[in-house]
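Visitor: These protein sequence lines are chains L, D and B, in that order.
Using the UniProt record's numbering, the letters of the first sequence correspond one by one to residues 1 to 741.
Using the UniProt record's numbering, the letters of the second sequence correspond one by one to residues 1 to 211.
Using the UniProt record's numbering, the letters of the third sequence correspond one by one to residues 1 to 327.
Bear in mind the hints are in silico, worked out from the structure with no lab data behind them.
We put the CB at the ideal spot given by N, CA and C, even for glycine.
Be aware that a few hints might be false.
Pairwise CB distance ranges (calculated) [to be verified]:
id : chain 1 : residue 1 : chain 2 : residue 2 : range
1  : L       : 86        : D       : 148       : 33 to 43 Å
2  : D       : 172       : B       : 276       : 34 to 44 Å
3  : L       : 419       : B       : 293       : 42 to 52 Å
4  : D       : 210       : L       : 60        : 33 to 43 Å
5  : D       : 65        : B       : 24        : 33 to 43 Å
6  : L       : 139       : B       : 197       : 28 to 38 Å
7  : L       : 741       : B       : 24        : 40 to 50 Å
The residues making up each chain are set out below.
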Amino acid sequence: MEKAFIKKVQIGDAMDRVDARLKVSGAARYAAEYTLKSVVYGVLVTSTIAKGSIKEMDTRAAEKAPGVLAIINHKNAPKVPGHQAGTDNEGSRVYGQEFRLFYDNKIYHNDQPIALAIASTPEQAEHAASLIKVHYAQEKHQTNSKANTSNAITPARGKDYSRGTAYAFKNAPVNLELEYGTPIQVHNPMEPHATTAVWEGATKVTVYNKTQATKLSQQEIMKAFDLKEENVQAISPFVGGAFGSSSRVWPQEMAAIMGAKVTGKPVKVALKRDQVFNMVGYRPRSIQKIGIGATAEGILTGITHEAFTSTSQYEQFTERIVDPTKTLYNCPNLNTAYKLIPLDMSTPCWTRGPGETSGSFALESAMDELAYALNIDPLALRLKNYAPSDPEKNLPWSSNYLKECYQMGADRFGWNKRTPTPGSMRKDEWQVGMGMAAGIYKSERDAASAIATVLANGSVVVQSAVADVGPGSATIFTQIAADVLAMDVKQVTFEWGNSKLPKAPGQFGSHTTASVGSAIYEVCTLLKKKLQELAITMPNSELARAQQNDLVVEEGTVGLKNKQIQLSYADILKSHALPQVQVSTESKGGGPEQEKYSGKSFCANFVEVRVHSLTGEVRVNRVVSAVDCGRVVNKKTATSQVYGSITWGIGIALMEEAKLDHRYGRHLNNDLAEYHVPTCADVPPIEVLFVDKPDPVIDPMGAKGIGEIPLVGFSAAIANAVYHATGKRIRELPITPDKLL
Amino acid sequence: MTDHQPDDNNSEGLDESRRDFLKHSSLLTAMALTPSTVLKAASSQWDERLAGAFEKISLSLEVNGTKHSLAIEPRVTLLDLLREQLALTGTKKGCDYGQCGACTVHVDGRRVLACMSLAVMQEGRKVTTIEGLAGGDTLHPMQEAFVKHDGLQCGYCTPGQIMSAVACIREGHANSAEEIQEYMSGNLCRCGAYPNIVAAIMEVKKEGKKL
Amino acid sequence: MNNFQYIRTTSTKAAIDAVAKDPDARFIAGGTNLLDLMKRGIVSPEKLVDISRLPLNKIEREASGVRIGAMALNSEVAENAFIKEKFPLLAQALQAGASAQLRNMATVGGNILQRTRCHYFYDTSLPCNKREPGTGCGALEGNNHMHAIFGFSEKCIAVHPSDMCVALAALDATVLVSGPTGDRKIAFADFHRLPGDKPHVDTVLEKNELITAVTLPDSPFTKNVHYLKVRERASYAFALVSVAAGLQLENDTIQRACLAMGGVAHKPWRLASAEKALIGKKVTEATFRQAAEIAMQGAKSFEHNAYKLKLAPNAIVQALKTAAGIA
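Could you put the whole structure together from the sequences, leaning on the hints where they help?
Guide: Spelled out as structure tokens, the structure:
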């Protein structure tokens, strides 16, 4: 057999994405793009009041409109067994009663889905939806967090935290008490949420849906419709961005499944852009108080962080808003409190760096304010308070190269060229400012499974149910498999994005590489061993007398170290007359060894901004982001992940804000012209520096999480730079021109 | 499942409906100019199929080099025509209001937004989508550059970015990173691939190939 | 969207006749605004008359000035060599608007007629006198961050969103219009209305009339011009405030000035008194500051747009400084 040219791929290589070709050629299919025979279209009708009930829904005109197959609402919707069962908080990811689509006539929030118009074409469905007339019994609603802090509740699943003396900051020689706020931010992935559902008989359903977690999606649908696992399939190989917004089952999925049940046809439901603002989660508004105290030398003696975020009336959505405060610095006295403000809004949802992003804005702004109060360089203040071990858990770090991040970042950025006085740096009409911030984010490993199969031709297929919503997981998993099996990456196929494949956790929480990557590492290691065994035991094997320890795998072969004998995987299978060899593994999550350590990723961001002295416009000149994410599995995709976080950080710091008119409890800027996300022109050159040292604990690749860490603290770095430029401290995001004039 | 497998070669259903359109097309052209008949058909709820057919009007256009003679409702956007009737789903629907650029296609060589274009208004025009940018199985130099520079993450804005990027160079607006940034600002990317997109465009521009 | 009837026309007369016959008919050209409004149920015409192929897309030099066909695309005008040379302020303003794709679709006539971006106008479940007369102005006591500081009424405080129109106002454009009874010319300053008691009427154009062209007289503002657009992101956003500024200088002395603002009123806001105040003055920041103060006379803000009272004069100063080359 002719020996193919082998391009050896290793963990760490900057390999192109395995799905790039599909994506650049338009061939990658997303949830609403499956050309299914006789597919019909569902359009959701949403409420125009924030609280009350539906008195009457006139669907007559809609039902008679051309092409209409069904109008579904609370009166005629198929019963959902899981909805009838009532509240079940056992093991639920959010405490409370999940939203039940078309369950009754109650309105819990504006833009609540209240009917589904199904027709043969998208235009007909859209038109039919517009003909539905609704009369409401309206009740007084509350959507304003600020006005409702007095109604805040302690979450059922939240605990206040304290170490040392609470409120010790008050007695510190230098202390500050500050209030910060962040607005509602909306994920706004470029692909609006969509699902195409197909029933086969009464017991089997397939959904092509937008999800970050095919297994979770499958399980939630099983539970809702009381179906068996083998009868529910969630297919989601391509997801047009999610950022946390596709980590639950949402109304569009439920609607498509109900619609398909009613019509007996595949039903496609895609949300309109305005519908993603108050139906499929958002980052809640936060109101935060920070008390911070230090000695005159800048040693922290006390921090108090009290946070409020908003939630719905039916669920208690909590996030990790005070977590960075607990662990980032070595402060002996620290207490945190967290309360929820229930509002007549839909439930928020995890949003990139959920909690940490808003919380770190307050913490890292406060650190900057403290640095000025102490007249100490902000970087020096952070170094003085470096935490040598996790001060919350009292555990050693699994690895911590935060100091290296500070050093690398400051050197590359030229932090020493910064003149400390606010307003002291200027270029023409622009005031120039430099700011920095640190970040910390959990780095964990969850259980995951994988299957690896070597085929007769020697190529390998690796499978996992994991989604890849953009980080490049499919690519690095291909890479890990090729690395372990020492073979050409082109001979490795990774299959993902289908709940039928081996179980994987959702692609969120920056733990996909550690969790699924470990499973793939393990399963490929098993396959390698199996191939070595087979090489030894094959009839007339040249390696018959070799021990496993003598054998190496190289270039898709099993052989001796001296390369005198090399048996290709294909030949090994051929000689055993095996069509394929398959191994599977169930990789454990954390485990007792890992529980001895605290796993975190770290970063230090350095930012230069310019602020126009007459117009108040802020532009980011440059960014240096230094990241400790353990070993970098793929430099190319990892760098892109950092770009992503920085771009998000720019949006959060400077422009993103969902505005409501509280009189009506409605979103005002619910489209992409008015809810500003950064454009190409908003994102400056970004220098990404990786420490790139393996973490010895979390997973065999040495990798830690990368998808969220660079965002933690980033908005504070910008706010700090704006302060340095102008002497104006903005504590309420976003930093728009009106606040700087 | 076999009934519902995705069908990449245009499902039979599509062809069938297209044959239906063609059958009616000459009649439809005439009918299109007599509004009262059409409105009457709709309001008095004649047989739905008939009424539906009356509301359609003929359209000839070329998509990726293939000529199409269709009968469509006037309210169908070019984007929905491509995605839902021609199974060309490479052109993406990100906002449907002309605010994100995901649906960027070339019409007679000009980059436009398919979501804000009525299909009937494209009579006789040549439409190029991401599927038709390169010939056959090869990739267009811009597609290659996007792969190389990782100018994509989730991939949803990518076809629009690429169509826009090609136009950006053709228009002569790719002379510096800053100019590219400004002229690519009509294509939002939520994943944050912008620096890589700019790098890809700069490289293709520098190569100086005719695009 | 309702399934409207569609008619393609090839002559201006046929187009006007087609619209005149039907009270629910509308012209469509680029469609970038009308289609948006139709998708959201803000307008629902029964008939669309396609005027995009009318032979009205030429950009022609005239004995004095230029005539820009109403169907000329925003990008065509912005890239036109003659416009760039003789009317650079217009080219700059066009370039600042929307995105490259939208500029390839939107026509000059459509840009002039584009409707406000006011949130209350856009959400059919909220009150808006412009969309539905008599329902009230949601913005008056609501979120009026983007709203007017000049020329509003208690019925409507929306602003006109165009960039191009700010330059056209500054450059003394004239709008050429054809209707069932013939042609007429409308000075640009008179074309857009202030809201008054009838905020649902944006312009003086009659329903059956069609904009055929815009003309600009020869302009002395070929060199010292600047279109400044202040927005909340670097590109592809509507203006908080924009300023079109042109100066004719002799040495350091201002001979003539043109000045208009966007994002501050229901129509492009010409700053005639400020222009006058600049004439004969030396180019200094103080001169510009003084003109800006004059320009701001009579400005009044609401709960969320008080920043515009500072931003607008600052923007005027900045635009003039850039135009004069002293920024």
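Visitor: So which of the earlier hints does this model not fit?
Guide: 1, 3, 4
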